[in-house]
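> Single-letter residue listing:
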Amino acid sequence: MSTETPETHEFNKGRSRALEKSDLFAHAEDPVNKGMTVQEKLKCFTDMVRIRKFEQAALQSYQKGKMGGFLHLYIGQEATAVGTVSVLGENDHIITAYRDHGHALAVGMGMNECMAELYGKFTGCSKGKGGSMHYFAPEKRFWGGHGIVAGQTPLGAGLAYALKYKGIKGCAICYLGDGAINQGVFHESLNLVSLWDIPVIYVIENNGYSMGTSQVRSSAFPEEGLAARATSYNIDFDTVHGENLYEVRAKTSKAVQRAYEQSRPTVLEIFTYRYYGHSIADANHQRYRTKEEIRHYQENKDPINVWEQILIEEGHLNVDKVKEIDQAAKAEAKEAVQFAEESPFPPPQQLLADVYHSVDNPGTHTNEGEIFFNDRLPY
Amino acid sequence: MSTETPETHEFNKGRSRALEKSDLFAHAEDPVNKGMTVQEKLKCFTDMVRIRKFEQAALQSYQKGKMGGFLHLYIGQEATAVGTVSVLGENDHIITAYRDHGHALAVGMGMNECMAELYGKFTGCSKGKGGSMHYFAPEKRFWGGHGIVAGQTPLGAGLAYALKYKGIKGCAICYLGDGAINQGVFHESLNLVSLWDIPVIYVIENNGYSMGTSQVRSSAFPEEGLAARATSYNIDFDTVHGENLYEVRAKTSKAVQRAYEQSRPTVLEIFTYRYYGHSIADANHQRYRTKEEIRHYQENKDPINVWEQILIEEGHLNVDKVKEIDQAAKAEAKEAVQFAEESPFPPPQQLLADVYHSVDNPGTHTNEGEIFFNDRLPY
Amino acid sequence: MAVITYRQALKDALAEEITRDENVFVMGEEVAQYNGAYKVTEGLWKKFGDKRLVDAPISEAGFIGLGIGASFLGLRPVIEMMFFSFVYVAWDQAVNNTSSIRYMSGGLINCPLVIRGPANGGTNVGATHSHTPENMVANVPGLKVVVPATPADAKGLLKSAIRDNDPVFVMESTLLYGNEGEVPEDDEFLIPLGKADVKREGSDITIIAHGGCVLAALKAAEKLKKEHNVDCEVVDLRSIRPLDKATILKSVKKTNRALLVEENKPFCGVGAQISHIIQREAFDYLDAPVHRISAVDAPAIYSPPVEKVQVPNAEQVFNEVRHMLQIKA
Amino acid sequence: MAVITYRQALKDALAEEITRDENVFVMGEEVAQYNGAYKVTEGLWKKFGDKRLVDAPISEAGFIGLGIGASFLGLRPVIEMMFFSFVYVAWDQAVNNTSSIRYMSGGLINCPLVIRGPANGGTNVGATHSHTPENMVANVPGLKVVVPATPADAKGLLKSAIRDNDPVFVMESTLLYGNEGEVPEDDEFLIPLGKADVKREGSDITIIAHGGCVLAALKAAEKLKKEHNVDCEVVDLRSIRPLDKATILKSVKKTNRALLVEENKPFCGVGAQISHIIQREAFDYLDAPVHRISAVDAPAIYSPPVEKVQVPNAEQVFNEVRHMLQIKA
Ligand SMILES: Cc1ncc(C[n+]2csc(CCOP(=O)(O)OP(=O)(O)O)c2C)c(N)n1
Ligand SMILES: Cc1ncc(C[n+]2csc(CCOP(=O)(O)OP(=O)(O)O)c2C)c(N)n1
Ligand SMILES: [Mg+2]
Ligand SMILES: [Mg+2]
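Chains as they are written, first to last, in the numbering used here: chain R, 1 to 379; chain V, 380 to 758; chain L, 759 to 1087; chain D, 1088 to 1416.
A portion of the hints provided could be inaccurate.
[What the hints assert, rightly or not] Below, simulated DSS-like cross-link-like pairs (lysine-lysine); rule was C-alpha separation at most 27 Å, straight line:
| hint | chain 1 | residue 1 | chain 2 | residue 2 |
| --- | --- | --- | --- | --- |
| 1 | D | LYS1395 | D | LYS1337 |
| 2 | V | LYS445 | L | LYS1066 |
| 3 | V | LYS545 | D | LYS1332 |
| 4 | V | LYS670 | L | LYS805 |
[Said to hold, decoys possible] Computed footprint of chain D on chain R; a stretch qualifies when at least three of its residues, placed anywhere within it, have a C-beta under 8 Å from a C-beta of chain D:
| hint | stretch |
| --- | --- |
| 5 | 60 to 71 |
| 6 | 245 to 255 |
| 7 | 369 to 377 |
[Said to hold, decoys possible] Each pair of labels, with its calculated beta carbon distance range:
| hint | chain 1 | residue 1 | chain 2 | residue 2 | range |
| --- | --- | --- | --- | --- | --- |
| 8 | V | THR743 | L | GLY801 | 18 to 28 Å |
| 9 | R | GLU139 | L | ASP1042 | 50 to 60 Å |
| 10 | R | GLU261 | D | GLU1109 | 54 to 64 Å |
| 11 | L | GLU800 | R | GLU139 | 24 to 34 Å |
| 12 | D | ARG1107 | R | ASP23 | 57 to 67 Å |
| 13 | R | GLU335 | L | GLU780 | 21 to 31 Å |
| 14 | V | GLU602 | R | PRO31 | 45 to 55 Å |
Derived by calculation from the structure, the hints in this document are not laboratory data. Just so it is clear, CB atoms sit at the ideal spot from N, CA and C, and this is done for glycine as well.
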């Protein structure tokens, strides 16, 4: 394997378009990009950096044994969450899978509540009940954080369905992985959203692997790529170089317009890459892909680097400013760690809270009788 | 609705190709048809007539209250089962859904065991335990008769998988309806069989409706038709005029060759029509489709009539011979009814037989303990 | 009070709730234009139109999941399963997604979803179509399950279920749809989830049942009274989760004997749980072990006369009570 | 006898059965090239190749269904669920198709399929990933379920499961994979399905458990002996269906008290069924009601220290036995 170049690696043979380097400014003139203020551009940069620093801090804490369960890092994919979310309006919603830290920070969740959630603390965004895979911020129109592969795909359709039902001009973006496209429920969802003109956008974050299985080992797909499965349902699709925030924004924006104006769904395939393993437990991720491959992406297609380059060329950023943003993000993450460390765990009584609305809000429903069946509580 | 012609009816708008009348002899010269003996041709005719007479008799018995549950008639679709099965070899297998009488008779199951099964009799093919939806004849390589929509689709893949695993040159045909294509498990199956080169043929028997829902109300699909969803998985597909046995055979045979020679799957969409309701319980099937539409199919696209016409033109059949075959089939069905009537029901003790192999074959497994948990048996 | 069918009671519940709350809609296979496979929604599409009655393709996981997502934004989907057995193709959506979301979000998200449809055997539709999964659903904390036996209960429970902010499974029975009974005409007629109904008072033995088995129990009770002067108390659970433990225990403490009747398959059926509760909390009141009648422990058989034997009936209840009270035939 | 891990015992079972019978193959996500998410199949792909170790896409319903079809033609697929919770996306295939086929065909078709993988909580993976559905599976006639607690049981039961002609669910635990124990090296070492194992003899109380809870029970038993001179009998069910009723009843008739311990959620959990059986068939032997310890009745919580409280542990068993025997702290 070590003699393979990224170009000859089986993985890339199946997705060559992902390898071409995108033209930095190809989409700069797209209305959605042309209209961006400097502040907005810098915010995108800052958000991507913040995601990365947050996760680097989380990784450290994980390695110190501060958390349990899984930790799926988004590092390498930042432009997808930040770029797509950055074009959304106030009536648009998102939902994603378990690799959700990037989306959470992109919609504006705070590092504190996110870090505390990883620590299983009561101050976490889900009170320590959800963990890494289950971030939620309904008030920011972010509906999670879902652990069952593709389980969120009909839910995304439902969010958009509700908008249409209520006559609200808006859309929902539902993210899923390249491995997730092979769950039946995703296909059922595609048929439903096309049949019923539901304004949903499915974003396939194609990072080339589902755990240790490369895209070509898990999916049969047409030449045009995974997203082209959309044609089975008369749904428009597009493919996107995920390292280029301009391109992500331009193509997402087009899909959003389609949703707003025609109430039609779109499938977008965004080529991207994760630098770490599937989760931290995936220690041997250099067995199913080469170091060269990883390095290739880091060196040529890192979304933060690419955007930095663009903003430097545009004169909005310089080395000092980058360092400043970096350090601020690092400091913010460090504070979040401290916040998480110092926060309390949920008391055991919390085990039985948030199970039922009717229990947590007595008197609001016609409910009687026993709802929990513990012979004896252990606390 | 009554002023609509079949051509303008919503249902047909979505599937216009089904409306064109097929050229009777377009596929007569296909090798698989050219090589047919007169005997084989007549057998196909006879089998189609037998299916129809069997079901007409079954319908009568059903209406007399002789059976319970469902009765999904195949009448109108006979050329699909007979045509596809007629090109199969001794290492080929089939599996289908609940509308299974046609397939059962086509593979050579006897009317007696089939009719007795409808009556819930112990002499039925499934000892009266399965009923109309659950005919099986493993020794004829017929694996049912499955009630959960599309539930049989991965099973069909598995049959073909086993052939490949064992190094046997063969294939499996798995039938499903036009409504069934929207179950997720069918898509999962398509991906698997393409990815793994499994010699399976999915035959979509497109009779235009899933219960009361027309094809266009249940499926979003590309211009090329439902079968074109196969392209999402790099699977070859074809569409077939289901009233023409020559065409059914020719196109099935091509798929079988693909399975034998390339171990590749195929999706075939066969345009067909059911004259009765979804099941006998579907008494109002003339509400969701017009009488004209039904008449149009009966008059122009009846598979038995079309084949009769062909065989008459070829000089293999005449009016007398048709009458003879008809009457023989009717007599056979009548005898089957009598056989069913006279057969015993399974004794209640049969309730606990055929649940577990280990119970029915004591001593063949390392099993101990209790396996049934009736506090008291009612018999 | 009007005398209407169980089917009509359900339909009235749907119509009233659709009228009352613009967020309520019904989705499922054949529920709209076809008027419902079992005609529970007959006439509703004509009355309320495409938005409130939605015909869905055969994609249970897809449209249940869609209902879940829609419920996050305040819609109140009522999803019909043509047969409840079909929920198995959507099991992850129906039980895993629905039950976990409120918890995993620390209470931020609600899932006010109703999944309803017939869950019963006895109609010769075979093994794959005859499941009664109330025990499996009730096993999952976060979910609620009700199983109405009468027209009034069907209406009152379905209305409460639709107004509930938690996911509720309403399990009906094709064998009950045609039954008639008195139903209050009040639009606000609600039966609390978790409240059992003592359908017949008695002092000799407590028969606990739900769904169609309640009727078998009542019939047996009449016969036992008539033939043996035995007074059975018949407790209709109505709701499986929440469960009216108090009513169960009160009755058993009075009669000192309990017989559980259900159509569930026995292993880990609802009766098992109730049996455990009774022996655990009324141990000293029991004069005899708790007995159970369930469906005969095999997949549902097709053969019509044999399926009759498989599913509990009044005769079996009658006989079991005689066993328990040691009454000779 | 060699001392090996539970994981190694499973792997040995797979390797031996793959070697013995050319129809045995393993299919699942990441089972081949990746060596298994939990390394149960480590090294097997290298040894047996693509045909016998098959990496599948994330399509549980698809590949379980494929396994079912393949089993009709005599193959013996062993399907790995990366987590058992994922079987919910394939529930119809896994429980409906598997359990019905033999019956509906009047015994013509067998389905020799094994579905195995970890089914446990306690690892902070949250509500959707921590299900222990042995009760649901065992509810379905036609299916078998085993839950090994030790390396030897894991090996012996998995081998029997693979050789069985009925569908068998083998539910393991990620928390047990690393545990070591003595395992016979014999290739023909088979443990019958349906045979419980008295893991500790005692006369004061019977503790009945399965899976990881067996270890908690044994630990508690030692402490009870040491601190209170109480002799607990610990019955490891090993197999849920078939169930070794005889061993359960024999033990309870000896000790007159039973405590059930399981990680299932309580409502209609396995304990409920066993409680019913005990009170039904050993009523007169019971000095006290049957008690149960289950997981706290809520979706699995993430927070690591709180999940420790949610899942039964030795401390809880210890305390409950003291309650039952009225031993003051
Ligand atoms: C139904 C189901 N099956 C399996 C898993 C285990 N699992 C979690 S993530 C994953 C890989 C998903 O890959 P992909 O969709 O490409 O997303 P990525 O991790 O690359 O973001 C698998 C197999 C699961 N969570 N749910
Ligand atoms: C999973 C599932 N959902 C719903 C049903 C009920 N049902 C049985 S047949 C059917 C229509 C199927 O239509 P189609 O696939 O076109 O086959 P056809 O009846 O026309 O042969 C429906 C909805 C079922 N059996 N299984
Ligand atoms: Mg991926
Ligand atoms: Mg159809």
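> Mind taking a look at whether chain D covers the stretch 245 to 255 of chain R? Criterion is 3 or more residues with CB to CB distance under 8 Å.
As far as the stretch 245 to 255 of chain R goes, the hint is violated, because 0 residues have Cβ atoms under 8 Å from chain D.
> Do the alpha carbons of V/LYS545 and D/LYS1332 lie within 27 Å of each other, as the hint requires?
41 Å, violated
> Regarding V/THR743 and L/GLY801, is the given constraint of 18 to 28 Å on their beta-carbon distance met?
57 Å, violated
> Has the given pair, V/LYS670 with L/LYS805, been kept, meaning a C-alpha gap of at most 27 Å?
At roughly 26 Å apart (the allowed maximum being 27 Å), L/LYS805 and V/LYS670 satisfy the hint.
> Please check whether R/GLU261 and D/GLU1109 have a Cβ separation lying inside 54 to 64 Å.
Holds: the Cβ-Cβ distance is about 59 Å, inside 54 to 64 Å.
> At a Cβ distance under 8 Å, does chain D reach at least three residues of the stretch 369 to 377 of chain R?
As far as the stretch 369 to 377 of chain R goes, the hint holds, because 6 residues have Cβ atoms under 8 Å from chain D.
> Take the C-alpha atoms of D/LYS1395 and D/LYS1337, compute the straight-line distance between them, and say whether it is at most 27 Å.
33 Å, violated
> Lying within 50 to 60 Å: is that true of the beta-carbon distance R/GLU139 to L/ASP1042?
Since the Cβ atoms of R/GLU139 and L/ASP1042 sit about 53 Å apart, the hinted range of 50 to 60 Å holds.
> Quick check: do three or more residues in the stretch 60 to 71 of chain R have a beta carbon closer than 8 Å to a beta carbon of chain D?
Holds: 4 residues of the stretch 60 to 71 of chain R have a Cβ under 8 Å from chain D.
> For D/ARG1107 and R/ASP23, compare the CB-CB distance with the range 57 to 67 Å and indicate the outcome.
59 Å, holds
> Does the Cβ pair L/GLU800, R/GLU139 satisfy 24 to 34 Å?
With Cβ atoms ~41 Å apart, the hint is violated.
> Please check whether V/GLU602 and R/PRO31 have a Cβ separation lying inside 45 to 55 Å.
31 Å, violated
Comparing the model with each earlier hint shows violations of hints 1, 3, 6, 8, 11, 13 and 14; every other hint is respected.
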